[in-house]
Amino acid sequence: MKKSVFLGALTVAGFVAGSASAATLDDVQARGSLKCGSNSGLTGFAAPDANGHWEGFDVAVCRAVAAAVLGDPEAVEFVPTTPKTRFTALASGEVDILVRNTTWTLTRDVDLKFTFTGVNYYDGQGFIVPKALGVSSAKELDGATVCIQTGTTTELNLADFFRTNNISYEPVPIETNAEAQQQYLAGACDTYTTDASGLAATRASFENPADHAILPEIISKEPLGPLVRHGDDEWADIVRWTLNALVAAEEFGITSTNIEELASGTDNPEINRILGTEGTMGEMLGLEADWAMKAIAAGGNYGEIFEKNIGESTPIGLARGLNAQWKDGGLQYAPPFR
Amino acid sequence: MEDLSYVRTDMLPERDPPASEVGVIGWLRMNLFSGWFNSILTVIALAFIYLVLAAIIPWLWSPTWGAGSLSACREIIAELGKEHGGACYGVITERWQQLLFGFYPEELRWRPILTFIGLFVALAPVLFNETFPGKMLWFTGAFLFLAPWLMWGGPIWTPLLVAAGPALGFVAYRYLVSVIGNLASVIVAVLIPVLFWLFLVGPLSQAIDGVVPLGIEVVESRLFGGFMLSVWIGVVAIAISLVLGVILALGRQSDLLIVKYLSVGFIEFIRGVPLITLLFVASTLLNIFMPPGTNFDIILRVMIMATLFASAYIAEVIRGGLAALPRGQYEAADALGLDYWKAQRLIILPQALKISIPGIVSTFIGLFKDTTLVSIIGLLDPIGLTGSIRADANWNGIVWELYGFIALLFFISCFSMSRYSMWLEKKLRTDHR
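These protein sequences, in sequence, are chains A and B.
Letter by letter, the first sequence follows residues 1 to 338 in full-length UniProt numbering.
Letter by letter, the second sequence follows residues 1 to 433 in full-length UniProt numbering.
Honestly, the hints are just simulated from the structure, not real lab data.
Check each hint, because a few of them may be wrong.
Selected chain B positions facing chain A (Cβ under 7 Å, derived; list incomplete) [stated by the list, open to error]: (1) PHE103; (2) SER283; (3) ASN287; (4) LEU380.
Think of the CB as a built atom: it goes at the ideal place given N, C-alpha and C, for glycine as much as any other residue.
Please model the entire structure based on the sequences and the hints provided.
This is the structure in structure tokens:
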């Protein structure tokens, strides 16, 4: 009797809470902080420094969204997630947004009921080999032992690649990137395969990086981007256009250094619309007029964020490649702010 | 008469034993070189130990405490021209606080430290009940409610109200026992604190805090991490699971059918499921079952699961102790006219628990080490933090130094527990062997 009353009370509380949490934006603003599902540690993309301050390429997206919504890039609670817990954390409402180098696929978008709000990094799976192996193309890897992280899409891509090229391989299953580095260095496998950005970071950590080469073949498409729950399109719009604002800012030359100057008004109407001195874009999104300006001021435009965290001046040293602006032959293309 | 026999009238002075039987040489002869075969084995073993140490010690002996990154370490080591390479301790210098405290705010770290010290003060009268006055047990009782408050912060009223829960239950039991009978009032006495905690403590504490604001800064669970998190989960789970375990063990032996089968069902279910499964249930499944928007603290969920897991094992260990008691002990208790609880308290449990000490302690040590599994569900315990630290471009590629440091921390804790249990066994040994 008592039990059923208790359960009944829980159910009622559930309905009340359920209807109250429909609008993520209201929740975030009421809470005063953004809950961002992040990687518990991926070089260049998300990592806490010695003081526990999170930094990285994915982290910068969270900070930009927090700046746009709350006006404060530091108002983010980072919730470290693993590949296994990330989707439930988002689905259950434990986090408001997931920015965790997550590949945009049909099943995740449709079946898991998430909305991907863009691509902040176009990645692809590659191979690293010791130069001593004398291999210059992945197609020469016939009969090679391959270190591969289990339970990821990279495992399936690897099988597909070797089957289509009609060559054989022997998988060496490993659990984490750190383990893979050790196994690879110890010679337990001829080659290690994972996302090219991860390979670059791995190679940078070696004692003699020059002894290892990343093969030219990229065997899969891994568009990584932020995602939110299905069913709250207003919130998805905010995340999508914050990311677009960062990309557009680079295209129009808005940087963290000249943003104050540009915000006083320019003769380029698109810049004015982005920075909120013209039009009512912020109001349409349910935000302040200068939302995009704050987002850009948080960590700079897309190009600045890239350069600071994973670009060629960092130990990871990734080239822009596919992630260059569309004008420079890349895929980063922000729809018009109009 | 002439006495031909010779009788010694004075004792010979004591002489030193031969040099080959005592001292270093004697010990060596006795233990290491007591035959040609043993001598060969000794030489081989010594050679092996030398080879291992010759490889490890130069690696350990590495003046890299000031290095700011792995490449800086490598430069220092290259300058020294070390053959086996060297450890890179810069990462420990830079991150030891993070490995110990996680992201707990720096200016508030006195709180976990104070809790840790308080833990020993609270444990002293329990663990060494002959050395410390019994009155310290009052502090132990208060510490149960103070420790979570110190760790998580918030208004002082919350722990006071939580402590009031059992008191309410006790009062209710006193008044109801004559009205609705023993069993019903026990059930009510258990339900009242639980309902009180679930529904009243939060609002009441806020209301009082609105009138008399008195409290310390709140620290959220996601900031907990490092070795502190392991110890915190471990200590809470150990303390509660011992109590639960005793209850379950008694329940399993009970004559009350429902109690018995509930206990058996619980124990067998929990023992049949791996801890990692329970942790996944805690981290992901519970989220889906609960109404959206409810915020059930992840560390609390993990603590509950770890506690349930350990209590099932403790129950079985204690059941072993109960089963080892001779039947006569139970009969003697009955013959003295003791009721069930008195018999358990005075005769059965003191003996059963004494027998179970090694098993209990090894379960605790296992539980403490199992807390590192929480890294799999994304909590940043020391093992989880190694991944985060390696994600820093400066330290990417560091493995042994971090794991070695963590191993040292765990070894110290587990070894102390094991030593304590041996001491306790010796102290409690009252039989004659």
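message = Tell me the numbers of any earlier hints that the structure contravenes, in ascending order.
response = none
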